[in-house]
Amino acid sequence: MAVILDALVQLAQLLLVLALAPLLTGYVRKVKAHLLRRRGPPLVQPYRDLLKLIRKEVVLAENASWVFRIAPYLIFATTLIAAALVPTFATGLVFSSAADLIAIVALLGSARFALALAGLDIGTSFGGIGSSREMMIASLAEPAMLMIVFTLSLLAGSTQLSSVSTFMQGQEVGLRVSLAMSLVALIMVALAENARIPVDNPATHLELTMIHEAMILEYSGRHLAVIEAAASLKLLLYLSLIACMFLPWGVATTGQGFAAYAIGLGTYLVKLAAAGFLLAVFETVTAKMRVFRVSDFLGAALMLGLLAALLLFVSQSA
Amino acid sequence: MALTVLLSCVAVLLGTAVAAVAGACRRATTLFVYSIALIVSAAALAVAGSALLTGASPADSVRLPIGLPWLGAHFRLDALGALFLVVINLGSLTASLYGLGYGRHEPAPGRVLPFFPAFLAGMTLVALADDAFTFLLTWEFMSLASWALVMAHHRHADNARAGYIYLLMASFGTLSLLLAFGLLAGPGGGYAFDAIRGVAPTPIVSAAVLTLALVGAGSKAGLVPLHVWLPLAHPAAPSHVSALMSGVMTKVAVYGFVRITFDLLGPPAWWWGAAVLTLGGITAVLGVLYALMEHDLKRLLAYHTVENIGIIFIGLGLALAFQANDMRSPAALALTAALFHVFNHSVFKSLLFFGSGAVLTATGERDMERLGGLIHRMPLTAFAFLVGSTAISALPPFNGFVSEWLTFQAILLSPSLPQWLLKFLVPAIGAMLALSAALAAGCFVKAFGATFLGRPRTGVAQRAQETDAFSLTSMFVLAALCLIAGILPGYFIDALGPVTQQLLGAQLPQQTGLQWLTIVPIAESRSSYNGLLLFILIVAAAWVTAYVIRRWASGALRRSPAWDCGFPDASPVTQYTSASFAQPIRRVFGSVAFHAREEVWMPPPGQTLPARFHVHMRDLVWDAVYAPVESAVSWAADRLNKVQSWTIRAYLTLVFGAVVVLLTVLAVWQ
Amino acid sequence: MIELGPLLVKAILIIPAGSAALLALFPDDRATGRLNAVGTFLTFLAAASLFFVRPDPGPFLIVDDVNVVFIVLNTFVGFTTSVFSASYIAHELDIGRLTPTYLRFYHAMYQTLMFAMNLALLANNVGLMWVAVELATLTTILMVGIYRTPAALEAAWKYFILGSVGIALALFGTILVYLAARSVVGEGLDAMAWNVLVRQAAAFDPTLLNLAFVFLLLGYGTKVGLAPLHAWLPDAHAEGPTPISAVLSGLLLNVALFAVLRFKMVLSANPEALAPGPLMVTLGLISVVFAAFMLYRRHDIKRMFAYSSIEHMGIITFAFGMGGPLANFAGLLHMTFHSLTKSAIFFSVGHIAQVKGTQRMADIRGLTVSHPVLGWGLVLGVMTIVGLPPMGIFMSEFLIVTSTFARQPVLAVALAAGLLVALGALLLRLNGLAFGEPHGSNAPAQASFVPMFAHLTLVLAAGIYLPAPLVAWFQHVAGLLG
Amino acid sequence: MDRLALDVAHLFAGGLVLVSFMLLYQDRMFGLLNIFALHALVVSLSVAWQAYIQAAPHLYITAGIALVVKAIIIPVALHRIIVRLGIHRTIETVVGIGQTMLAGIGLVALSILVMLPITAEAGTLAREDLAFSLSVILLGLLMMISRRNALSQIIGFMSIENGLILAATAAKGMPLVVEISVAFSILVALIVIGIFLFRIRERFDTVDVHALERFRGEQP
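Residue numbers (the numbering used here), protein chains in the order written: chain A, 1 to 318; chain B, 1 to 670; chain C, 1 to 482; chain D, 1 to 220.
Hints are computed from structural coordinates only; laboratory data are not their basis.
Ideal Cβ placement from N, Cα and C applies to all residues, glycine included.
Keep in mind that the hints are not guaranteed to be accurate.
Said to hold, decoys possible - Ranges between beta-carbon positions, derived for each pair: (1) A:Gly-299 <-> B:Pro-418: 24 to 34 Å; (2) B:Ala-570 <-> A:Gly-266: 38 to 48 Å; (3) B:Asp-263 <-> D:Pro-117: 54 to 64 Å; (4) C:Thr-358 <-> B:Thr-473: 25 to 35 Å; (5) D:His-79 <-> B:Val-668: 37 to 47 Å; (6) B:His-595 <-> A:Arg-38: 30 to 40 Å; (7) A:Arg-38 <-> B:Thr-458: 25 to 35 Å; (8) A:Phe-292 <-> B:Leu-620: 49 to 59 Å; (9) C:Thr-99 <-> D:Thr-93: 39 to 49 Å; (10) D:Gly-173 <-> C:Lys-10: 40 to 50 Å; (11) B:Thr-473 <-> A:Val-285: 52 to 62 Å.
What the hints assert, rightly or not - Partial chain B-side listing against chain D, Cβ under 8 Å, derived: (12) Met-617; (13) Arg-618; (14) Gln-670.
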């Protein structure tokens, strides 16, 4: 019985993230537009784009190989699975044992790997620019992310997201400097990973500054649609990661009945809205930095993460 | 019994080597040698595998009346040896299979065929040796055989140099191991491993032995700063030998280190762990950085071997640290991670070297700047190479990720270590590990992209042909292993149980019984991973998405020139090369690690000369460690060499001086 | 049957002497090479039979456990070298570097040298041994100068001066030993007989013994070629005919070392006398390190291997200096292997120099391509001499280093460092000689490879399997050496 | 009688040391030859005396050889060679005569020092003679290294040999003395004069060691 319930929750969560991701993107755009005194596109615009794109025919460069054609689906699938494994409104997902936080990060890594290869496949200079910069950023973002994982697992004694969020709901956590540090670090990493300002600009097509857009420059039609969907899924994933680890209030646990699930869902939506709003504000008030400043930015994140872990040692062993 | 079979396998191999000397020049010899090697290593693999799974009987040991007269040559097959025999013979098996095809293109078969079986025999014997003399003898024999293989293409000046440096470093390592065993054996000369286990060395002695073992085994495994020979020697050999040297022989070095520190040396001190961890971390990061700066495909792979050796030593260092504090199950976890990575790395590194060999035979090029677009000409090779790249980049669902995940789990257990140094060290090492993993991913995007993707940069790349069936078979066998070990790690972890049991007296909980083959190193609530599930989910999701879109939306597709922001370039030269791909990372790390300087020369206005761009990098390790030694030796040689051209009178003065000195000594002594 | 023993001993001396006279008079210049080989072979047979028949020591000659090893080794290498020399000298005659007259002279001298060395090994009388060593030195001096090129004469002259000074020092030492013995044993031959000396050494006057050993070590050490008394050795090897280089490295150095060992036995039998070990260890270590560095700047192939001989003599002296059953065993083993290996190397080097027409290493390249058999023979020889397994020298060096490391870590590390430096130098040269693009003439060498590969096979086999009786024998001798 | 015999023996031995010093002091070729002849003469006298007091007639042979070969034949031969080859009549020394003499005195002191602790029953006769002959040997070595041309090196070497013969004869009852001394002197003399100088003259018209140095192999 419980298993079936978990399975249902899992399925629900899968569909939920799938449905919410474009909405989140559109919401962020909307808020940004408002902050800039524009009306901006309607919230549902991303859905329309996706539908339009998947109906169009694909225009494929001549020397595109199978890597180029398979990559979008792989990226999408990987991101989707990763997103589905992050507790949003309820923990105790049936597949949660399949991957802990490290594995989820690694899954995103696989998606990035595929994307970077796709960027190189056509053999244009822009694809190369995008891939190489993406890998440089990732090489710094991943250690930072791991340090955050380290801190959390030190506290919660686990890298299993369900356990972490259950632990964070508990009382003994209290307010901790290292938690704050790792939160900041996580936000910085999230900005970098999702190609947001100040690291990258999702709206630009100015050749020399773009990173993510450069890699998908040659994509069109359904491939492009799938990749865009994956991108928004990734954003959602990171926001819900922050939500379930640092503000886990209201997340339902196994077998609490539908009321709890409803509450969980509600709180989750509120959290998303808040996070998205903050993101938009942040993006509006900051400027994009030069590519080679990114290393300092992410280096700072890494240092923060390491510091958080070390501080935790001090406080724990004392 | 099993031991007898293994030893007879070795005998057959040696016989083959001798026979190959006789018929070296004939074409048929190639077929003969490789098929014999194939059969023999298959047999050895079967025996060793069954010994590992069913548990080798500790009584399975023999003493042959060869080697040191009063000592004899002791051989024993235990769990540790069995594991490494599996690794060795799996490598030999695939390499022989590959050689059946690759060997046909060998320009100088006479310089490869006799030494190939000898090399295999040497590695197998090392894992079986049960006394110091036999161990060192076979160890150096292995080095010698591989040296001969490195010198196979000796007409290139740098190959000869590589061989020289290799043999020098190998002898250096052997000498320090020799000293280590001299300490362990004591003045009585108790060289048998049993006798060595019997005596408990004093702390100073064991510290010295650890240092010597690190130097000796590390110089063969390629620990920084003893790695310099590795990227020179491994690529110089024929590719299947490179695969063996990189994928397997370095593991034999790891075996030597494990055998000495975990088995012979007795209980460790906590700082051993710290030392090994530090070395491992530095090696991992530096290795991958070197690899990123490299544009020779085989050398890049060799540098990645350095990196993976670093990862393995991180695991070993953690195991030592835990063991020193008598935390047995964490130690078992760390050691399992290290040993599993030993297996995984041997698999995908062999695969990658085979791929590079296929590229080499197809194009005659190792330089990635002159390749590209091979995925269209050699799709199967490209696919296998892609699998290998994903696995070595530690990405799920392949095997590289599992062992690194286990290592991370062990790192996450470090807070319970009492020593402060370790408390602070281990997180930093964890960061270094993550850094090297991420950089490795970048490096293999570069390697695969520059070699197989994009448009061909030269004519040879354009005219490349898919390689032969033998090579492809062995590559796909290895690729399948990468996936299987990645999605069903439980079985492999359980197979490692006896080894950790033997060395640490503890092992991980049984994995294979668990729900959906999830692996749970410590506790369900703490962490778990299920590669199989992830694999199924991802494939299903991808397939469903593709199916749905093509079914209900559109499947239309049109080919056209690349868009490239509106100005497509005719020439493939404008593609991103491997150097330009690595440029951002070089900007970030290179200025520190290599003193990298970029030098741009722009033609004066109005002239049509091409602009020039140069990157100057220095190998700081070489400058810091090897250059001084080199210059010191030549300084001393120059000074002393003056003696050669003295006059007879001066020589007589030497004699006279000796007489007077000794007489004075005598007068004083009395 | 009782008479057989002395007969054999006399045969070992008479056969070389007789064939020396015969070869001096023998007109035909072609057959002499074979005749030479036959003579040495007969000598070897006689020597080998000493394993089974053991005559009682006489006043002048003695056969005991210690010197049988040396004699058999000596005669064996002498035989193989004469086989090599036959083909080598034939070539020298063809290209006219040697006239028939000098050829006769050469063969006579070769046999005289064998006679002198056998006599030195068999002598039971210190004075007689001294005379024999002197004779051996003089014959080699003549053969070093045989080409009469300025360089050869210079080498011979240097060898003569340094060698005679050494021999003079040795004589003084010998006299002192006699004086030490006289007051105990009484005047007459007994006071110079080995067996008597060793038996009664305990009662000798230590001061005289010490003084004597200083002179004997320096005197015979000059002939062993220990640094800093080595100066004659490299040029003598480089300028003489290659068979002589082989005999010098393989045998004469051993004979001199044998003399030192004999006196070491006498000295260590006397409790008050100074321990000979430290002196020998010091000289040995100096030689190893010095030679190791000298190897880097060599341009002449024979001179280089001569320096490697200095290095190995240093190792052996070091081992005997360390003493103890393990080190002595290793020293004996190393001495045997070195004689075989080094002579094998000189065989191949001789042919190489003949086909390439030069001894300058800069002009010799890619031998494994142009002359596979010679080239790989050289590679195998060098691999052996630098102590790589599975060849025998690895075993002896393993024993020396490990046994020393347990007792004197510092010395062992110094020795290991020396070995490594030497290895680096030799391998560096080998790379150029054996590999790379071939260079110079690649005319096939008309050479007899049998001696070279016979030696190398022996060393290889010994490295893998040492027959038990041989081991027991060596251990027994090692025990005697103290 | 004994007392006197010993004193005479010491007289000869000491005289030999003195003559060695004269060799060191000498810087002209012919003078060197004459003094070497004197050196040999003293040796033969001393050997003869030893033969007398030891009542060992075979020593007379040694004495005779020393007298004939080294006091007469070799000096005359060398004299001839010098004239024929037109070798410089003066000897270039490495260090000044004065320092050489000082070093020589130091050597004598050293040799006495090392010989002192010899226990008496080795025989007073032996001890002093050993000390003297050791100093003769060392002085000979000193001469060899402090002179630049081959001829004086040979002479230095032969003076060493004289010292040896002195020691050998002083060692009472030593067997094979005659044989050893014969082997030594005959071979040395034969090699020196017979082969080498002629060979060397064939090649280059000087016996100066420097001429030989040019022919060291090893051109890179």
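Indices of hints not satisfied (ascending): 2, 4, 6, 7, 8, 10, 12 and 13
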